[in-house]
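Use the sequences and the hints to build the structure in full.
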Amino acid sequence: MTYTTDEMMTVAAARVLKDGTSCFVGIGLPSTAANLARATHAPDLVLIYESGCIGAKPDRLPLSIGDGILAETADSLVSVPEIFNYWLQPGRIDVGFLGAAQLDRYGNINTTVIGDYADPKVRLPGAGGAPEIAASCKEVVIVVRQSRRTFLDKLDFITSVGQDDRSAFSGAGPRMIITDLGVLRPVDGEFTLTQLHPGVEVSQAIEATGWDLKVSPDLAETPPPTGAELTALRKLAG
Amino acid sequence: MTYTTDEMMTVAAARVLKDGTSCFVGIGLPSTAANLARATHAPDLVLIYESGCIGAKPDRLPLSIGDGILAETADSLVSVPEIFNYWLQPGRIDVGFLGAAQLDRYGNINTTVIGDYADPKVRLPGAGGAPEIAASCKEVVIVVRQSRRTFLDKLDFITSVGQDDRSAFSGAGPRMIITDLGVLRPVDGEFTLTQLHPGVEVSQAIEATGWDLKVSPDLAETPPPTGAELTALRKLAG
Amino acid sequence: MASITSLAEAVADLVHDGDQVALEGFTHLIPFAAGHEIIRQGRKGLTLVRMTPDLIYDQLIGAGCARKLIFSWGGNPGVGSLHRFRDAVQHSWPVPLEIEEHSHAGMANRYVAGASGLPFAVLRGYTGTDLPRQTDTIKPITCPFTGETLTAVPALNPDVAIIHAQRADRKGNVQLWGITGVQKEAVLAAKRSLVTVEEIVDELEPRPNAVTLPSWVVTRVAEVPQGAHPSYAHDYYVRDNEYYKAWDGIGRDREEFQRWLEEVVR
Amino acid sequence: MASITSLAEAVADLVHDGDQVALEGFTHLIPFAAGHEIIRQGRKGLTLVRMTPDLIYDQLIGAGCARKLIFSWGGNPGVGSLHRFRDAVQHSWPVPLEIEEHSHAGMANRYVAGASGLPFAVLRGYTGTDLPRQTDTIKPITCPFTGETLTAVPALNPDVAIIHAQRADRKGNVQLWGITGVQKEAVLAAKRSLVTVEEIVDELEPRPNAVTLPSWVVTRVAEVPQGAHPSYAHDYYVRDNEYYKAWDGIGRDREEFQRWLEEVVR
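Residue numbers (the numbering used here), protein chains in the order written: chain F, 1 to 238; chain Y, 1001 to 1238; chain L, 2001 to 2266; chain W, 3001 to 3266.
No wet-lab data here; the hints were simulated from the structure.
There is no bait here: all hints are sound.
Chain L stretches covered by chain Y per the calculated footprint, using a threshold of three residues with CB under 8 Å from any CB of chain Y:
#: 1; segment: 2116 to 2128
#: 2; segment: 2213 to 2222
PhoX-like mimics (lysine-lysine), calculated; alpha carbons at most 25 Å apart, straight line:
#: 3; chain 1: L; residue 1: K2139; chain 2: L; residue 2: K2068
#: 4; chain 1: L; residue 1: K2171; chain 2: Y; residue 2: K1057
#: 5; chain 1: F; residue 1: K18; chain 2: F; residue 2: K235
#: 6; chain 1: F; residue 1: K121; chain 2: L; residue 2: K2245
#: 7; chain 1: W; residue 1: K3139; chain 2: L; residue 2: K2139
#: 8; chain 1: W; residue 1: K3171; chain 2: F; residue 2: K57
#: 9; chain 1: W; residue 1: K3044; chain 2: W; residue 2: K3068
#: 10; chain 1: L; residue 1: K2191; chain 2: L; residue 2: K2044
#: 11; chain 1: Y; residue 1: K1121; chain 2: W; residue 2: K3068
#: 12; chain 1: W; residue 1: K3068; chain 2: W; residue 2: K3139
#: 13; chain 1: Y; residue 1: K1018; chain 2: L; residue 2: K2171
Stretch by stretch, here's where chain W covers chain L in the computed footprint (C-beta under 8 Å, at least three residues):
#: 14; segment: 2147 to 2154
#: 15; segment: 2198 to 2208
Remember, it's a predicted structure, so these values are computed and weren't measured experimentally.
Note that CB positions come from ideal geometry on N, CA and C, so glycine has one too.
Listed below in structure tokens is the structure:
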């Protein structure tokens, strides 16, 4: 089966979620990947949405993190203060799945503002749940399309913290950035290209990165999406 | 109808609860009086129990502040942290109805210990909800049998605060002590006998008080329980 | 006890120029009809509070009702940006918009503190981010037992909280279910509250996962069927996703937006 | 994920001598059967945590399982005193009992802090009372925004929390309803947890006012019908009030108590 680069990215992201673990699901691409994981190899993956849905089991992609199908299928439905205070904050959730408007080589994320905060060039949506997801989940996976507009040498604003200094946090922070080109993992705290999707050249990844991207000597290739993965993904997307 | 002194006390206590107000109900005598009020002149009295029952409407006396009949008949049922944090603490409840093992002329209550704390003569149950009920309700009514063992010149322990210094509290504190002999109200911060139940002599009240009880010059007499009140009370008590 | 009136009367009585107003509803049960009534009545200088400003605040901001926004995520969920919000922040159109920006966890805890009668809440949050540099309602606090440094945020106690619920009874007791967000906290934190409901019924039979707000903590109830459209009301109607998508085009252009305002709201 | 075992096995695996153990249940759903199993297995030196010690802790204290009690109200609800608790505090029988005493509001907030991964909680409490003089886990804290002084109490994070619930499914998801007290907080605050249930069912259909604890935050589930007797289990059985009254006589006398212990528990 042929597939798009977005499909490869989503499949690669879904694969990192182990069955039986819990995942705090951010809006957008992460939600698609997490739902794909549950539809394929991880039927007992516990999906947790900031709207208060714990153990949601949607059979289609939710329209938002507060879609009614999440509430209807959840094992437990709690208030928004409770989801942050009792569930996210104590570090009991295995993986936080985040998107990003901009990120840097340390996995810091900016979803707040481009340009000066007081006089912005582009005002982005802001923090939402991200700062505390990045701080408190046992580890974080970032799912984002790779481009020079997104992968920056220096961020205008740090909305959620990467690998810079984890001493204040119980969680390990971002452990993986999964893109439409490949996978980056931290090596000595700096996100390094460790894996390429089939048919992607190293030069493409370097080209799409705003910092001087380091490339692992043991560069792996992502196995292409299986027919089952693609079928499940397309069924989810409706 | 003839009636006991306990019945007079309970009826007198029930009468102070106005229809449509809210009452945080402590264990024991206060619960009987609050339920009597709801069964007679105050059908829309909102009974709130520390077990998380808001707007309970029991048709018999609950066996404890966590009786199942309170949960079944409540308008809203919440957790114990919530009842203290969202409902009691902000001062949104009109009247706190408390009992007491010991109290003094300022309306301070001891339900903790008789004798030295570290080497007690009698270890009492302790604080429960009382300190925060006394602090946070708009006003407090104490329902307690009057005797020298209970009405003391000096308490061994202050479990909840009376009229001493209300500067730290949003609530007005104890405004009335209703006993089997009469009613005490604060005059210049000191609880003073302002009302006697029918057939009770001033000397009895003085005799039953461990401090030098002041008596109001305008001593009122409590109207005796009506037939309707007694019938309702006896029906409640089952 | 809540009184039951029309929406127009409730907004006229409860929402005043310059008030701090929180319209809450986390993706679900967003009180759109009440927001439009505020626009119709021409309120000005409001401080709008809301975790997820969403289309409803894009509309209020574009209509010039707000002078300040206290929030944690301002997007069109599942679609993209809020263009009226952007235009106000980037170009002060139609009026300048001051912002006070938090994270979701911080905003949720600010409501919790407000509902609890506390002046502040404590959380693990904001550490290492640039938010504390921009937002002076984020401060460090030290645990008196462990010496650990955490974050404090001040209580939110809006002048008015406005929410939408599935139903109320004739006494004004309110029941909502499905995703209930921070609505209980917003109502309990506010000085006054307005609840619009899909319907007023004789009896609120118990439901799983329902929040019941007793009448005596609600100021006004107004019956407004479809009052959460284009968001959804669990068990009543689903989200009008086309509206959210179409908004991207309407909100993107000042003239398009003003035409919408005149034709649809005013 | 919770594993489902016998009560004896669960207590043997989860409760160790010297542990801090919280058996919670506010009047309702008190885990008596689990308490009796702890007595049968002869645990010693426990720090027992519970808002309302009740008969269950009177029995554990009388049996010599505890060295310390953290609590806020120690009575026989609706009946009178806890005589074994009194005897331990007043006469160190059968062993000395250290106490750490709070109010309900303080204890509830200590569990909330524990469940929230915070080292402390803030409340308006204890002011003007003699409790802070006796209890060093009560400290003042200043609001960094208003300068107001409030009260801080440290988190409770018991080694084990034990609760009783109406039912669990075969995966170990737990459901309880009626008065649910601080049970959710106790389980989420604890390092390990044991839930005894009236029954294990195929499916947990939703119920009004139910708390659901997902399997992955519970360590063990044990099926123990009548496991809350003599307290009650909403929709299963009512409180055995005669037992509470009879306990006053049994608990009052050391020999009577020891006879009860041999005959009924061991």
